[in-house]
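Q: Next come the chains, spelled out residue by residue.
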Amino acid sequence: MRFFKRRLNELKQYPSAIVGIILISIFILTSIITVINIPYDEAIRLWRGGRVWEKTPANARPVWVDWFTSDDKSRTLNIDSTEKEGMQIVEDLNGLQRFEIELPFDYQFDGFPKEINIFMESEFVNNSPSASITWITPDGREFQSREFSVGQSRNFRFERDDNVRRAFPDQIVRQGLFGIPDQEQQVNKGEYKILISGYTFNEEDIVEAEAVLYGEVHGIAGTDHRRRELIVSLLWGIPIALMFGVLAAIGATVSTFIVAAIGVWYGGKVDSLVQRLTEINLVIPLLPILVMVGMFFSRSLWVILVVVILKGVFSSAVKTYRAMFLQARNADFIEAAEAYGASNIRVIFFYLIPKIIPTLVPTFITAIPVYVFLEASLAMLGLGDPVLPTWGKMMNDALNQGALYMGHFYWVLQPAVLLMLTGLSFAMTGYALDRIFNPRLRRL
Amino acid sequence: MAAKNLLEIENLHTWFELKKYGFVTVGNVRAVDNVSFTIEKGEAISLVGESGCGKSSLAKTILGLYNPREGHINFAGTVLDSSDEEQMDWYRAKVGYVQQDPYGALPPFMTLKKILEEPMKINGIKDSEERIQRIKETMEELKLTPVDDFLSKFPHMLSGGQQQRTVIARALVLDPDLLIADEPVSMLDASVRIEILELLQKIQHERDLSVMYITHDLSTVRYFSKRIMVMYGGKIVERSPVGDLLDNPAHPYSIALLHAISEPDAENVDTYKEVPSGEPPSLLNPPEGCRFHPRCKYKIDGLCDEEIPPDFGCGMEGHQVACWLYRQEGEGIPDDS
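Chain order of the listed sequences is S and W. Just so you know, we're using the working numbering here: the first sequence kicks off at 1 and counts up by one. Just so you know, we're using the working numbering here: the second sequence kicks off at 1 and counts up by one.
You may find that some hints are simply not true.
FRET-style restraints, in silico, Cβ to Cβ [stated by the list, open to error]:
#1 S:Gly267 with W:Glu140: 38 to 44 Å
#2 S:Ile28 with W:Arg207: 51 to 57 Å
#3 S:Thr320 with W:Glu140: 41 to 47 Å
#4 W:Lys126 with S:Ile18: 53 to 59 Å
#5 W:Tyr21 with S:Thr320: 22 to 28 Å
#6 W:Gly27 with S:Gln13: 51 to 57 Å
#7 W:Leu284 with S:Ser272: 23 to 29 Å
#8 W:Leu65 with S:Ser16: 27 to 33 Å
#9 S:Tyr266 with W:Gly313: 43 to 49 Å
Computed footprint of chain W on chain S, listed as stretches where at least three residues anywhere in the stretch have a Cβ under 8 Å from a Cβ of chain W [what the hints assert, rightly or not]:
#10 185 to 199
#11 344 to 356
Worth flagging that the hints you see were computed from the coordinates, not collected in a lab. Everything numeric in this text was worked out from a predicted model, so none of it was measured. In this text, a Cβ means the ideal position worked out from N, Cα and C, and glycines have one as well.
Whole structure, please, built from the sequences with the hints as guidance.
A: As structure tokens, this is what we get:
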């Protein structure tokens with residue numbers, strides 16, 4: 001152990017290794033925080049989508065895009081009646097109550113919102129309350145909708161209302177509502193007011209409303225075509241990618257190492273068997289096998305992991321390790337161990353493998369991103385786990401939706417950058433480790 | 001008799017098969033060919049011979065690292081059976097092994113504490129305090145003091161002499177009855193050699209240990225062995241008390257070997273050292289008859305190159321030589337029928 005501590009201390013001499021280790025630490029820390037804050041079930045639920053995301057815009061760019069544009073993109077605004085004054089009874093007409101809900105907001109963005117939705121809910125005894133919605137612009141113009149029955153819940157859109165639509169015959173409704181008259185594409189900045197007024201038929205009836213103005217930019221990472229916030233899969237992609245990479249690297253490199261050691265130690269038929277299996281395995285391509293497993297069997301991440309590890313046991317590294325072990329097996333200290341009665345297993349694991357293990361460490365570290373990329377490639381080809389939010393899955397969605405053609409660059413860019421950072425961090429650490437553990441590469 | 005002799009080797013053959021295509025045997029390397037000898041309890045014997053004569057193969061066969069093709073090893077009254085794991089474990093704990101290259105013999109990734117604990121862990125001493133106690137005793141015996149300073153060190157932090165003393169400590173930590181030292185000082189500095197040899201001698205006396213000291217350097221055998229065996233081409237050609245062999249070598253090969261010792265003596269400037277011509281015999285196709293006959297200037301045609309010489313007595317008691325030159329009338333020559 002002290003041997004490794006000393007080696008790890010030497011890492012300090014390599015700036016690239018420090019950067020790599022910092023990046024890896026950030027990744028690990030973020031994974032831990034993510035898994036704690038968004039538990040697995042929650043992540044799966046969020047990623048499955050649906051009504052969870054009804055209050056986020058579709059295909060909205062990330063907020064950071066706004067930092068690089070001259071105009072002020074619109075953000076998402078939620079105006080909730082329960083956080084304001086709420087429902088006010090203004091008139092009691094003998095068993096019939098007139099109510100008003102005021103939803104004021106200050107709109108100072110240069111861009112129009114992507115959509116406007118007013119979600120209404122009511123609790124009533126006998127008859128559903130009825131309501132109509134009035135849109136009041138900063139310069140005092142008023143547009144009133146038809147009267148409608150609220151029901152238990154209702155999603156009101158100005159675009160669908162005949163009265164409001166009639167007011168803007170040759171314009172998109174939301175641009176008409178926010179625009180300055182006769183000046184298209186100009187936002188009328190100021191205090192807007194949404195006034196919901198109507199009647200309830202029982203004193204205990206309650207109406208609640210929430211207006212959502214969907215922004216052009218939303219969230220740290222934007223949203224996709226199903227309104228899901230991409231940050232969920234960006235964050236959850238880290239633990240999944242790291243787990244897959246580390247497990248596959250451990251499974252494949254460590255087992256290869258042990259197989260090579262066993263082959264060399266027992267020699268003869270065992271060695272021949274290991275070598276022939278390796279040679280057969282080398283001519284079987286991995287990707288088509290994974291594609292077939294994905295198509296016909298299962299796309300579960302665990303199944304893919306098992307296939308990757310099984311395929312990796314007799315990899316070409318067996319040959320490299322074998323050469324090292326052949327050299328080590330004739331060491332005097334191994335002969336001495338046999339002379340004082342060490343068993344075969346003990347010799348392999350306590351004498352043979354520790355002699356070579358320093359060369360395994362850098363190989364192991366550099367192998368991790370290889371498997372991370374493999375998982376991402378499979379997901380991008382549509383063979384990823386259908387349930388899990390991963391980077392590859394994100395890019396697959398982006399490809400299917402023509403993200404680059406539609407200008408949703410962030411959709412591809414963000415997972416790609418994270419993948420590159422993952423590869424870079426492990427590569428930088430691995431190469432520095434390689435220099436430390438392989439004295440021949442060490443700088444003088 | 002059985003109680004007196006710790007180790008009895010009878011007709012030991014260690015042959016290595018050479019195979020073609022993995023199954024066709026094309027020949028045997030006869031590294032050890034029909035060797036018999038005994039070591040008494042508490043006795044030190046030397047085995048000398050040039051490189052490649054089978055000394056180390058003999059040692060490793062005795063250690064149980066190679067399986068003999070024929071013959072058997074009788075240790076403390078028990079005939080060893082290499083397929084009996086329990087018996088071999090017991091035997092291995094009773095035999096210590098000191099190798100030539102001290103640095104190679106110590107695993108570079110273990111601390112001294114771990115290195116010295118390993119034989120005890122393997123041989124079932126489970127109490128860690130007892131292990132530490134024995135390590136401390138052995139290290140003090142070998143002057144690896146202060147013990148605590150050494151325990152946490154790695155082999156590369158030690159000097160050559162300290163490394164070799166660690167190797168000896170590892171061999172002794174199980175309290176063996178027999179120590180096999182395969183050229184224990186040939187890789188060390190001349191100044192350290194004497195120190196190690198004296199230490200071995202002292203330990204041998206104190207522990208009443210049987211030692212088999214293997215070397216190619218006749219100048220060091222005087223140090224602690226009483227008997228000496230000369231090995232050539234996989235066979236023991238001469239055995240004798242040390243003094244007798246050094247003063248009166250009998251076998252032509254022993255004579256040549258003694259001539260080859262370089263003594264730092266000014267008179268040697270002018271003396272010509274006669275070295276037998278030719279090369280050591282191939283153990284794959286050893287010469288017929290006496291293995292030394294192609295290089296021997298006393299060769300008797302028709303005898304030395306046809307018949308393998310048996311052991312003849314010569315000179316002092318216990319001095320035996322496998323050479324036709326010392327045959328008595330009517331002795332040893334098989335009937336040609």
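Q: State for each hint whether it applies.
A: Evaluated hints:
1. S:Gly267 with W:Glu140: 38 to 44 Å: Holds: the Cβ-Cβ distance is about 41 Å, inside 38 to 44 Å.
2. S:Ile28 with W:Arg207: 51 to 57 Å: Hint holds: Cβ distance 56 Å, inside 51 to 57 Å.
3. S:Thr320 with W:Glu140: 41 to 47 Å: 45 Å, holds
4. W:Lys126 with S:Ile18: 53 to 59 Å: At 44 Å between Cβs, range violated.
5. W:Tyr21 with S:Thr320: 22 to 28 Å: Check passed, 26 Å falls within 22 to 28 Å.
6. W:Gly27 with S:Gln13: 51 to 57 Å: Since Gly27 (chain W) and Gln13 (chain S) have Cβ atoms about 55 Å apart, the given range 51 to 57 Å holds.
7. W:Leu284 with S:Ser272: 23 to 29 Å: 25 Å Cβ-Cβ, so the 23 to 29 Å window holds.
8. W:Leu65 with S:Ser16: 27 to 33 Å: 46 Å, violated
9. S:Tyr266 with W:Gly313: 43 to 49 Å: Check passed, 48 Å falls within 43 to 49 Å.
10. 185 to 199: violated (count 0)
11. 344 to 356: holds (count 5)
Taken one by one, the earlier hints fail for this structure at numbers 4, 8, 10, listed in ascending order.
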